[in-house]
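Asker: As a plain string of letters, each chain reads:
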Amino acid sequence: MSRSHELYQQVILDHNKNPRNYRVIPDATYSCEGHNPLCGDHITLFLNVGADGIISDVSFQGNGCAISKASASMMTTFLKGKSSDEAKSLFKEFHDMVIGDLDPDVQETHLGKLTLFKGVREYSSRIKCASLAWHALMGALEKQVSATTEA
Amino acid sequence: MLNIKADFPVLNRLFGGDAGEPGMALHYLDSAATTQKPLSVIETMDRFYRESYGTVRRGVYRLSEKATAEYENTRKKVAKLLNAASEKEIVYTSGTTQSINLVAYSYGRKFLKPGDEILLSTIEHHANIVPWQLITEMTGAVIKVIPVDDTGTLILSEYAKLLTERTRIVAVNHVSNALGTINPVKEMIRMARQANHFNPQDPTRRGAVVLIDGAQSVSHMKVDVRDLDADFYAFSGHKMFGPTGIGILYGKSAILESMPPYQGGGDMIERVTFARTTYQKPPHRFEAGTPAIVEVVGLGAALDYLAHLGLDRIAAHENALLQYGTRLLSEIPELRLIGTAPHKASILSFTLEGVHPHDIGTLLDEEGIAIRAGHHCAQPTMDRFGVPATARASLGPYNDTADLDALAAGLRKIIEVFR
Ligand SMILES: Cc1ncc(COP(=O)(O)O)c(C=O)c1O
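So the protein lines, in turn, are chains A and B.
Residue 1 is where the first sequence starts when you use our numbering, and the numbers rise one by one after that.
Residue 1001 is where the second sequence starts when you use our numbering, and the numbers rise one by one after that.
Hint data in this document are derived by calculation from the structure and do not stem from the laboratory.
Mixed in with the good hints, there may be bad ones.
What the hints assert, rightly or not - Selected chain A positions facing chain B (in silico; Cβ < 7 Å):
(1) 39
(2) 63
(3) 65
(4) 66
Claimed, not checked - Where chain A lies over chain B, by a calculated footprint (3+ residues, C-beta under 8 Å):
(5) 1354-1360
(6) 1372-1379
(7) 1382-1392
Said to hold, decoys possible - Taking CB as the label site, the calculated pair distances span:
(8) B:1278 / A:99: 51 to 57 Å
(9) B:1194 / A:143: 53 to 59 Å
(10) A:85 / B:1416: 40 to 46 Å
(11) B:1194 / A:37: 37 to 43 Å
All C-beta atoms, glycine included, are put in the ideal place defined by N, C-alpha and C.
Excised from the complex, chain B in its bound form:
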């Protein structure tokens, strides 16, 4: 097992110690919302501000040249993490949300025609639903939804039926943030490719692209975009030990090349005149304006930290904790786990009989336990399971069995209070 709490300053602070009390350690169980930051990321960003800060891709002075080199170096690290063919396939965005919006507004608006179909799953985050709804209003395309079974597993036979020659975009998450289900995205991409071989004579056939929302996967498991054959892969820096304000869109070169700019501004152009403006090649075509320079550098440090821990070790650690936590929570009779798929990441979503998730969240907080309570920006998932909200404990590599023991003890106490 990993033992890395010491790397994370916030996990070593004591909270709420007013009135002379010593305070409590934090049991942080909300990594699916955002991860805590290791000292190396905090220090890298701090040092960069103090020693190396300057604008990127514009300045002719050394400070800017050096900043640019660090800034672009993160792109190489991301390409390596994903096994992308080239760093030109790595677009900096502000997060998963912007990455998906970029694809919807650029690719979707250019290629979607009335009656074209976008396939989403029932268990998507709103960030992978709402941009597509906005695009269907502009293009006349329609959204079809892949159903899930009672464990929270996508029903692939239904997916197969939904894949037709009208399918243009398939957008699904790799791991569901509300349930923890790991979706079989490699198989789903393969199926999407096959579906488009059905009718090669059809002149309307333009092929479907597949976008994977990787917000909940990249810091928990090895992701190889070429092995998956994903067309797009989106994720956020702040859920992988990096800062907020920086995210990634991976896109296959040929597809990015075919896409128009998403936003206009500085840094994304080749030549501007009032008569006509030409655009940079990807990825810079999609990066208008002064970017989140220090955040990109911070993400680079986060990727180094991930590499130092090793994704295999992280996955093994989290899986062991998931098994432990599942067992512990299953022993509480009033507790219902929501999301019991055979392939799950380290997310435990649950309800307690007679206690609303918000009350669970507030009362656990008194014990120094931070969990998420609510709909997790996945209201269709809540509707599917017939609950307005769930409580969710989500794990990171810094968690240990003591965090889960505290959770279980806290829950038993709450059941007593509400009895």
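Pulled out of the complex, with its shape left as it was, chain A reads as follows:
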């Protein structure tokens, strides 16, 4: 298991097993269900954004593989306290990284620990697993009730 070691790292396996922020926010400002029509996986993202535009709480629930679950879990921990504008630009960086257009090893990013997911660029069939939660996030920020990875 050579190539997959880069993808299935201990951190990712841990977030898969014990996802953080895996809960419903009952009175969330926004929520959005993200679908991956290729595999049928879906997650619901809950988001509280204050009047100041700062994300005060973010959580998720749903069904997915280790990659999509760990990605959602790490995304939620990373986003708390950030502004919705920052979240949008992080989406772009994350997206570019997983499709291979942005290499965190040579270019500067604001993705911190999330650069762990750079490994998925080697797996064209799994890129959408990593970006599912982010698509749901963008949907929520755009006040949509559902979003898909097939944008």
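We have chain A already, so just place chain B with the ligand on it with the hints.
Answerer: Relative to the frame of chain A, chain B with the ligand by itself:
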């Protein structure tokens, strides 16, 4: 047991041998999605392109005449495979999906009336669900669903209740691609016939036709459409060692004759004027446009290959592997087999506790094992068994016990990684 890996070039290649490593042999366990191709099919198509290629049914030159002869010869071979009464009952399509759409749009649109009923089973492929949904929107017909029990076996007593004088179409698969269940289609066709004898005085009674989706059966077992008494039988070339882009619709002559064209174009007409166009007889009525000529010829070679192996031998080989694989997988405590019908084809669908099927698929791939992970285009089946997806190993005649040993070892390794 068969030993035919040598016939399949891709099964003799080593994969992923970058960085000076020797690479790995492929354990191909996704034949239900599509089968690998034997050298004879690859070479036949290659030779045809080099030596015999020309248009069919149009050219007056020898190249075209010869191409036409080869092209039509496949039709005879298909008729023989299915024991059809005539090759006129064999329509070339692009695959199972188009075959079913053809019946839905041609037969369904002509004969379905509001309130008429179409019976499908819970465990159909989307290709045998969605075309019917589209047709119900156009005709006002309604879909009723035959339930399955927890093993994935259709509940025939419920089917019997669903069969009424309103039933116009029964469309079920011969073998479920998601679970491997072999459905008792001969019995189901007999029951459909009987149900339509109930009320002969009823003037609305027009009879039900039965379509069998044979995508997962034709290359695994002997199929005799006359013994089954099937009205339609649909399948794909690429799941039976042939190329993509070619499929078959078998239809009983009298029924095909009653059906309007499905698509219009060249080759399907008798005479065209702007005032009125008359159509060819079946099967050509349903074959508009320049067809997949080389693919048809390739399918012919695939049928020769099937005949050379022998369907009885294939079935025996695959059944032995199925028993072996079932035993092997049952020894893994974290594994749940989905689809445990007493009559099963060589498909092993399963879940692993705590590991999503996609992760199973990616990690097995690292070991050179190709399986399918997902909903298998059968989301209602997944819903019925309460899982979003399964991992699926499906076998072909080229597989052996080593492929299954590799699978079981790979799964144990994954369980360790995820522990
Ligand atoms: C049972 C069944 N029906 C229909 C199909 C659709 O076949 P195709 O995609 O070749 O048209 C498949 C293929 O996956 C199948 O397994």
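Asker: Go through the numbered hints given earlier and state which of them the structure violates, listing their numbers in rising order.
Answerer: The structure conflicts with no hint, since it agrees with every one listed earlier.
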